[in-house]
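K.L.:
Take a look at the letters that make up each chain.
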Amino acid sequence: MTAAELEALRLSLLVASWCVVAILPPAIGVAWLLARHDFWGKSLLNGLVHLPLVLPPVAVGYLLLLLFSRTGPLGGWLHDSFGISVAFTFSGAVVASAVMAFPLMVRAVRLSLETVDRRLEAAARTLGSGPVRLFWTVTLPLIAPGILTGSILAFARSLGEFGATITFVSNIAGETRTLPLALYTLAQSPDAEAGALRLVAISIALALLALFASELAARRLQARLGV
Amino acid sequence: MLEVRVRRRLATFDLDVTFAVEGAEILAVHGPSGAGKTTLVNLIAGLDRPDRGRIVADGRVLFDDAAGIDVAPAARRIGYVFQDGRLFPHLSVAGNLRYGRHRGRGRVDFDQVVALLGLGPLLKRRPRTLSGGEGQRVAIGRALLSGPSLLLMDEPLASVDPERKAEILPFVRRLRDAFALPILYVSHSADEIAQIAERTIRIEKGRLASGAAPATPSTGGPADGLALMAVVADHDPATQRTLLDTPFGRLSVPLRPEAPGTPVRVTVDAVSVAPVADTDHLAVLPPRPAAGLP
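Just so you know, the sequences run in chain order A and B. Count the first sequence with my numbering and you get residues 1 to 227, in order. Count the second sequence with my numbering and you get residues 1001 to 1294, in order.
Keep in mind that the hints were calculated from the coordinates and are not lab data. Built from N, CA and C at the ideal position, the CB exists for glycine as well. Be aware that a few hints might be false.
Unchecked claim - Chain A side only, calculated, beta carbon under 7 Å to chain B, not exhaustive:
hint : residue
1    : Gly29
2    : Thr115
3    : Arg118
4    : Arg125
5    : Ser129
6    : Val132
7    : Leu140
8    : Pro141
9    : Pro145
10   : Leu221
11   : Ala223
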């Protein structure tokens, strides 16, 4: 493997890990709202969350570019207040992945929240648990399988993210060139078939590894929960 | 100590009951399915909200619609043993037992409860590996260890094999004695009630059934009656009656052939019980013979 290919692999793993960590808390929060509460604008929130799932990724990337560029509403504010620039950087790649993976995480967590036995939560309340302790000691452990599933889906979605990333943060080696972008670059250049094949092999190995790990973790969790 | 006066609109009728539990006694709540028994227990626990009324437990007002008081279930200090156990599947038996022991709620001695309910061998097990009877014993222990001032038990033996019921019922009585804990015991089984309750109230369609004044030791619908385990105490040839010792006190029935000390089983209709003047016992009025046990 060449240094460039290793760099792409490293970037891909980093982006995907940061993506999962970053969306976990807000995804659980949104899933909670959607599963447990009725409020004005619920359908709107639901639609907004799911938009990246149905929009062409390039459109999402372009919207992000409009939002986060120096002249965009969010990007301008970030730059003026904190000196942070997201467009065309590593953090931008994480943002693109996060937006694309968010609906997958929300769906998985929401689904498992909806299957949580509310009678167990009622029992916990009679045993002195307020809302916060109830969440940490009963609800969260019970939805752990859903969180695991959501994390795997988000991680995989992030590893495969291409359209939104290349549109939003471009294809910069060492900064935003993840595996799919590196593969695309190699596929465009002549005499790079060996490198492209190696990247495909890495992608397959990574995917199999993730699937295997998730299967193992899911089995352990389910044994623990006695499902 | 518990005082309850609640009204709650249900689908086809209103639940409207007033009663009190005095001191450490076991009060049975009896009645057909769908009469509102579980709703009543949920109202007391705070899992459901009365439309109107007042609930006072251990001197604390837990609910009062007029005063706008509605204490959260977490702060009520009321133990609840559910019909379906509801053990936490992600915790071991020991973890379940310790769940309610936080923030100074650990006043009840852990080892004492474990010994009393015979939970020692189960501590490391997972809830799904327990039998129905074992699971309910753990559920009782869990409620007890949260340091409640009152224990609610909603059909705790409904999902337990008949043979295992006999294994648990004595524990319930021991609880009351060991922890001086008032217990509200919901059941539709006259047998269970006969074995453990001091006093019974009967609920039908959301109301206390007539004749079930809270001071009456035992009631039962004419259809299902009440079965008591009793022991022949004494015969009185002069009045042609026999005195029986029952969990509710002495019972006077028409003269029986069994010798004193013989265990017998008595079936009592609510309408046939009456106090006997100048004595401390109750009489079964129509001569409905008690059947001797084989």
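K.L.:
Taking the closest Cβ pair, is Ala223 of chain A under 7 Å from chain B?
P.N.:
Constraint on Ala223 of chain A not satisfied, violated at 9 Å.
K.L.:
Does the CB of Pro145 of chain A sit less than 7 Å away from some CB of chain B?
P.N.:
Pro145 of chain A check fails; min Cβ-Cβ to chain B is 11 Å, beyond 7 Å.
K.L.:
Should the hint that Arg118 of chain A touches chain B count as held when the rule is a Cβ pair under 7 Å?
P.N.:
The hint is violated - Arg118 of chain A has no Cβ within 7 Å of chain B, the shortest such distance being about 10 Å.
K.L.:
Min Cβ distance, Thr115 of chain A to chain B: is it shorter than 7 Å?
P.N.:
13 Å, violated
K.L.:
For the hint on Val132 of chain A, does the least C-beta distance to chain B fall short of 7 Å?
P.N.:
10 Å, violated
K.L.:
Restraint: Pro141 of chain A near chain B, CB-CB cut 7 Å. Satisfied or not?
P.N.:
4 Å, holds
K.L.:
Is the shortest C-beta separation between Leu140 of chain A and chain B less than 7 Å?
P.N.:
10 Å, violated
K.L.:
For the restraint on Gly29 of chain A, tell me whether the closest CB of chain B is nearer than 7 Å.
P.N.:
Interface hint status for Gly29 of chain A: violated (22 Å vs cutoff 7 Å).
K.L.:
For the hint on Leu221 of chain A, just tell me whether its beta-carbon gets within less than 7 Å of chain B.
P.N.:
Given a least distance of 9 Å, the restraint on Leu221 of chain A is violated.
K.L.:
Identify whether the interface hint at Arg125 of chain A stands, where standing means a beta carbon of chain B within less than 7 Å of its own.
P.N.:
At 4 Å from the nearest chain B Cβ, Arg125 of chain A passes the 7 Å test, so the hint holds.
K.L.:
If you take the shortest Cβ to Cβ gap from Ser129 of chain A to chain B, is it below 7 Å?
P.N.:
Hint holds; Ser129 of chain A Cβ to chain B Cβ min 6 Å, cut 7 Å.
In summary, the numbered hints that this structure violates are 1, 2, 3, 6, 7, 9, 10 and 11.
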